[in-house]
Amino acid sequence: MANAECIVEVEGLYTRFGSHVVHEDINLCVRRGEVLGLVGGSGEGKTALMREMLGLDAPTQGTVRVFGEPVLGQDLKKQQRTRNRCGVLFQKGALFSALSVYDNIALPMRELRTLDERMIRDLVMLKLKMVDIAPEHATKMPAELSGGMIKRIALARAMALDPELLFLDEPTAGLDPELSEGFVKLIQTMRRELTLTIVMATHDLETLVALADRIAVLAERRMVALGPLEEVIQTDHPFIVNYFCGERGKRTVGNCRNS
Amino acid sequence: MEPENKGSTSSIVWRHITDADGMHHLVLSGSLTLAALGQRLQLVLNDLSAFKNERDLRWDLTQLTQLDDAGVVLIWRAWGEHRPKYLQLQPDHERFFSRMEKMPPPAPQVRRSWLWPITVQGKAAFLLWEHFIGLLTLSGQLSLDIKYLASHPARIPWREISANLYRTGAQALGITALVGFLIGIVLSYLSSRQLQTYGADVFIINILGISIVRELGPMLAAILVAGRSGSSMTAQLGVMRVTEELDALTVMGIPHSLRLVLPKVMALGIAMPLVVLWTSAVALLGGMVISEIQLGLSYQFFLSKLPDSVPIANLWLGLGKGMVCGMAISLISCQFGLRIKSNTESLGDGTTNSVVTAITVVIIIDAIFAVVFSNVGLR
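If you read the protein sequences in the order shown, they are chains A and B. Each step along the first sequence adds one to the number in my numbering, with nothing skipped, and position 257 is 257. Each step along the second sequence adds one to the number in my numbering, with nothing skipped, and position 284 is 284.
This is chain A alone, in the form it adopts within the complex:
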């Protein structure tokens, strides 16, 4: 039963790598227009879950639907249409190192084959402006860029086709606090301007608190909590207590528990 309100719907999902069980019976619904933060310890399968949502890996059992359609096992044309509605920001940017910044952002637009070069040029410059990259960097190669710039350009590429659904894998990992704050602001602005649904896997508590409407916590192979921050921190689970109410957590979240 596909829920119309769910942009991404995960049902009864199990993931096993050999004998190693990563997920057990995960159920999740990402609503239209929200930012869902995926949280979990290292190796608890945040990235694995995201890869399954993207259709890069197949779950051992269970289904993942994006825009109401199963991610895998569709005919190619339909799958392509779904993929054009999604943007992905990979952890390390995954810019094509053989292409310049300009061509990296123009690539998904060119692949559509409906836009002419002049429109592509205008759109690329718009996207670059959106992520605050000066036009003179457009001709540079990814190897010549700093980590923060790579992240921002990768975001511009993810946004190239104005997707409705955006996946962010560790959007602020590897950025210094100032840059990561800038990045959070950038995503907030984009949300205000466009109706975006965002699924975000992150370790960074500050990013999570600043951006996420709801938080899904993965621990011990299951989803132990799902809801707004205030609800999640009330959950009595060692991982949540550690994560949100540790030294760092208290500073960011404030008074973390009433009890």
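Possibly wrong hints are sitting among the right ones.
Cut-off 27 angstroms, straight-line C-alpha distance, at most; resulting in silico cross-link-like pairs (DSSO-like, lysine-lysine) [stated by the list, open to error]:
no.	chain 1	residue 1	chain 2	residue 2
1	A	LYS185	A	LYS140
2	B	LYS341	A	LYS92
3	B	LYS52	A	LYS140
4	A	LYS140	B	LYS102
5	A	LYS129	B	LYS85
6	B	LYS52	B	LYS102
7	B	LYS123	A	LYS140
8	B	LYS102	A	LYS185
9	A	LYS129	B	LYS102
Hints were generated in silico from the structure; no laboratory data involved. Model, not experiment: these values are computed from the prediction.
Following the hints, position chain B against chain A.
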């Protein structure tokens, strides 16, 4: 108000209206987004551009349900890249258009100088020189490493050497055997036909023996190993550059030449003569089988006659060639691998160039051997 002109695609609708005061309005409604427009984008652009020259047209975009960057760029171009005189917008959409107005001009294209044929040649020449110097430096560094290892035998990287021996030697046995066997068959088959017409059947042993042991065995093995192991060495070092593993080794104080290059060069220097021996043996076997079938020379006769017709110097020459070629292949592959920059294109280019260069150098070495040892082992 009467709609006079109505354009429609499935997503975007526009109505051309003349109101009571005789003013012309163009009201756009629906969604003007990349996803909604799809294939009809150019059509919509052409249709809307038709209104460009109506200076007093009042554009009304307040009824749009969805708008994205692509839609904004489209309508901006339909206006002729400036705001129309009369425009009504949703407050939300205002910033899209103000951003278009503030958009910086694209960076100018880099022009090619008319001297480019000369600069390209010059750069290629410099690159060749750089590689030559790089190879020289690398060999020099290796000699220093060997000197160092001679006084510190505990630091000899045995594990790496044996791993490389296995990868470049043992794992190459299958393919070199197959190719060697087939070449032996071909050579024997073609020569036996010619020799039969002169009744000189026995000389098949001389032809096969000299050509395979002295020339074909070493060359086949060297070219196959250059393609097989050379490319993998270059790619390995290249990927280590891309993933910053080389830098990690440097900061740990582990020199690349000692831990990465030296084991490869030593391993291939040891493995190549053995592979050459193997390839020659299998090729001779192939030739022997065919001479038995074609000419009726028994295996026993073939084997007993072989040492008489092929002086042993040829074997040493072949093995020596193998060793030199092996070391040259690994040196060249490592030199190219270490020069790879951290992007995928450089990785691909580096691997291709490394294999091409290694094979060329192998043939050059062969030619040098042929000239220098022209009166060794031949009667």
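A quick look at each hint next to the structure:
| no. | hint | verdict |
| --- | --- | --- |
| 1 | A:LYS185 / A:LYS140 | holds, 25 angstroms |
| 2 | B:LYS341 / A:LYS92 | holds, 18 angstroms |
| 3 | B:LYS52 / A:LYS140 | violated, 36 angstroms |
| 4 | A:LYS140 / B:LYS102 | holds, 22 angstroms |
| 5 | A:LYS129 / B:LYS85 | holds, 26 angstroms |
| 6 | B:LYS52 / B:LYS102 | holds, 21 angstroms |
| 7 | B:LYS123 / A:LYS140 | holds, 21 angstroms |
| 8 | B:LYS102 / A:LYS185 | holds, 21 angstroms |
| 9 | A:LYS129 / B:LYS102 | holds, 10 angstroms |
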